[in-house]
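Undergrad: Letter by letter, the chains look like this.
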Amino acid sequence: MDLKVEPQRQLVRLRGRSYVAFVFSPVMPIVNWLEEIDATLTRSPGFFVGRPIVLDLSAVDLSSHGIAHLISNLENRNIRVLGIEGVDSSHLNASLPPLLSGGRHCVVEPSEPKKVEVKAPPATSLLLESPVRSGQCVVFTEGDVTVLGSVGSGAEIVAGGSIHVYGTLRGRAMAGINGNSAARIYCQKIEAELLAIDGYYQTAEDIDNTLRSRPAQAWLDGDIMKITSLN
Amino acid sequence: MAKVLVVTSGKGGVGKTTSTAALGAALAQSGEKVVVVDFDVGLRNLDLIMGAERRVVFDLINVVHGVAKLSQALIRDKRLENLWLLPASQTRDKDALTDEGVERVIADLRTKFDWVLCDSPAGIERGATLAMRYADEAVIVTNPEVSSVRDADRIIGMLDSKTAKAEKGEQVKKHVLITRYDSGRAARGEMLSIDDILEILTTPLLGIIPESQDVLRASNVGSPVTLNNAASAPARAYTDAARRLNGETITMMVPVERKGFMERLLGRRAA
Numbered sequence: 001m002d003l004k005v006e007p008q009r010q011l012v013r014l015r016g017r018s019y020v021a022f023v024f025s026p027v028m029p030i031v032n033w034l035e036e037i038d039a040t041l042t043r044s045p046g047f048f049v050g051r052p053i054v055l056d057l058s059a060v061d062l063s064s065h066g067i068a069h070l071i072s073n074l075e076n077r078n079i080r081v082l083g084i085e086g087v088d089s090s091h092l093n094a095s096l097p098p099l100l101s102g103g104r105h106c107v108v109e110p111s112e113p114k115k116v117e118v119k120a121p122p123a124t125s126l127l128l129e130s131p132v133r134s135g136q137c138v139v140f141t142e143g144d145v146t147v148l149g150s151v152g153s154g155a156e157i158v159a160g161g162s163i164h165v166y167g168t169l170r171g172r173a174m175a176g177i178n179g180n181s182a183a184r185i186y187c188q189k190i191e192a193e194l195l196a197i198d199g200y201y202q203t204a205e206d207i208d209n210t211l212r213s214r215p216a217q218a219w220l221d222g223d224i225m226k227i228t229s230l231n
Numbered sequence: 232m233a234k235v236l237v238v239t240s241g242k243g244g245v246g247k248t249t250s251t252a253a254l255g256a257a258l259a260q261s262g263e264k265v266v267v268v269d270f271d272v273g274l275r276n277l278d279l280i281m282g283a284e285r286r287v288v289f290d291l292i293n294v295v296h297g298v299a300k301l302s303q304a305l306i307r308d309k310r311l312e313n314l315w316l317l318p319a320s321q322t323r324d325k326d327a328l329t330d331e332g333v334e335r336v337i338a339d340l341r342t343k344f345d346w347v348l349c350d351s352p353a354g355i356e357r358g359a360t361l362a363m364r365y366a367d368e369a370v371i372v373t374n375p376e377v378s379s380v381r382d383a384d385r386i387i388g389m390l391d392s393k394t395a396k397a398e399k400g401e402q403v404k405k406h407v408l409i410t411r412y413d414s415g416r417a418a419r420g421e422m423l424s425i426d427d428i429l430e431i432l433t434t435p436l437l438g439i440i441p442e443s444q445d446v447l448r449a450s451n452v453g454s455p456v457t458l459n460n461a462a463s464a465p466a467r468a469y470t471d472a473a474r475r476l477n478g479e480t481i482t483m484m485v486p487v488e489r490k491g492f493m494e495r496l497l498g499r500r501a502a
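Protein chains in written order, with the numbering used here: chain A, 1 to 231; chain B, 232 to 502.
Hints were generated in silico from the structure; no laboratory data involved. Where is the CB? At the ideal position from N, CA and C, for every residue including glycine.
Among chain A residues calculated to face chain B with C-beta under 10 Å, some are: (1) 134; (2) 150; (3) 153; (4) 155.
Rough simulated footprint, nothing fancy, chain A against chain B, three-plus residues with beta-carbon under 8 Å: (5) 376-388; (6) 427-438.
Can you build the whole structure from these sequences, using the hints too?
TA: Shown next as structure tokens:
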């Protein structure tokens, strides 16, 4: 053998690699077992499409003809069998998938497309821990505003959702400005200059004097703003 | 460690300048080295209340612009040797103040004094914002009536957002000083009560200064009320307030006029 004449030989590289496959363990009677598979497929069609499947036939006793019949039944359901285990090699012929051994248990991770790392959901409420002073204007269109303190005369709170004031509301409160007519305004002591929900408003003049300095809430009943005491 | 204190209110005429002079004098009497700085450029009054109007040569604007040295502009009080005045300019307006200039002057004053008291102009514009800009503490002066309380609330909001300390995420220490308080009228419900004011402002109380003719009398002779008649009700209230600023705990009370025998006979004609 002359090495010089020999064309460069392509090296065949063999490497071991392990993959995770679903194992089907058919039980007798096969017809009923296939019905179970069908039931799974009607619940989630395409569940097995493109997944490697191994048949574990240790619980059944099938001839090579029986095995071929089962595999063709599965193929009709779009399930392709990658290998077979749990049978004697004499039952298998060349047209059937190869015999596998040495399989190990593993947890199959749900392989739905991995959700992209979601960013922290945008804040849907705003908490203010200090009083809102006269002349300050707090605008939060994304949701509710909660104030742990008073809202001064001449201050303004504008919220896309509801407004909660754990103190005296002396300024202006406008809730549901993006057309949210279900928004409400709550306060521990009502001295408000103006309350508005979804564009409907009442000024201090309109607010019943008997409510003054009491805990109150305001909401929309159709297109009428209602203000009632909370106790 | 020097403390910079701004005396402010938002509303005009509530007693900022009177309070600056009275607190400054009271602090100086307790041994602190004090400078009172007039930020009311164009409408200066502190020099009159301090009785130094005839000795003004250079002023705050000159120092801010680098025309004069700080030592040239500072006026020493004739009665108290550790009380000084930095007057405002009467011929200029608030636009003559620059942020950098004020910062430099305040930093300079910090090295020379224990207390730097800034008398803020009324309003919320440049003069008032620069007066509070570099403050460590603030005295918010208010009268017991709704408009000055609302303006005080506005100023507190600015102290929490527009000062150098607020921008660094720190807090300016705030005190409320209620002036022109008339216990008789308060009892008759003709004024906001102390509780109402504190509930609205949610800020600690520094003192209650009673309405008194002594204040006007002291202003007219160009003397802080704490120096002019230290035994008078407003002077005692200011002295207590100054001691609270220095960290002392003193029970809050509303000083009342001590009426002499003759005054009692003559009723309220003692103006």
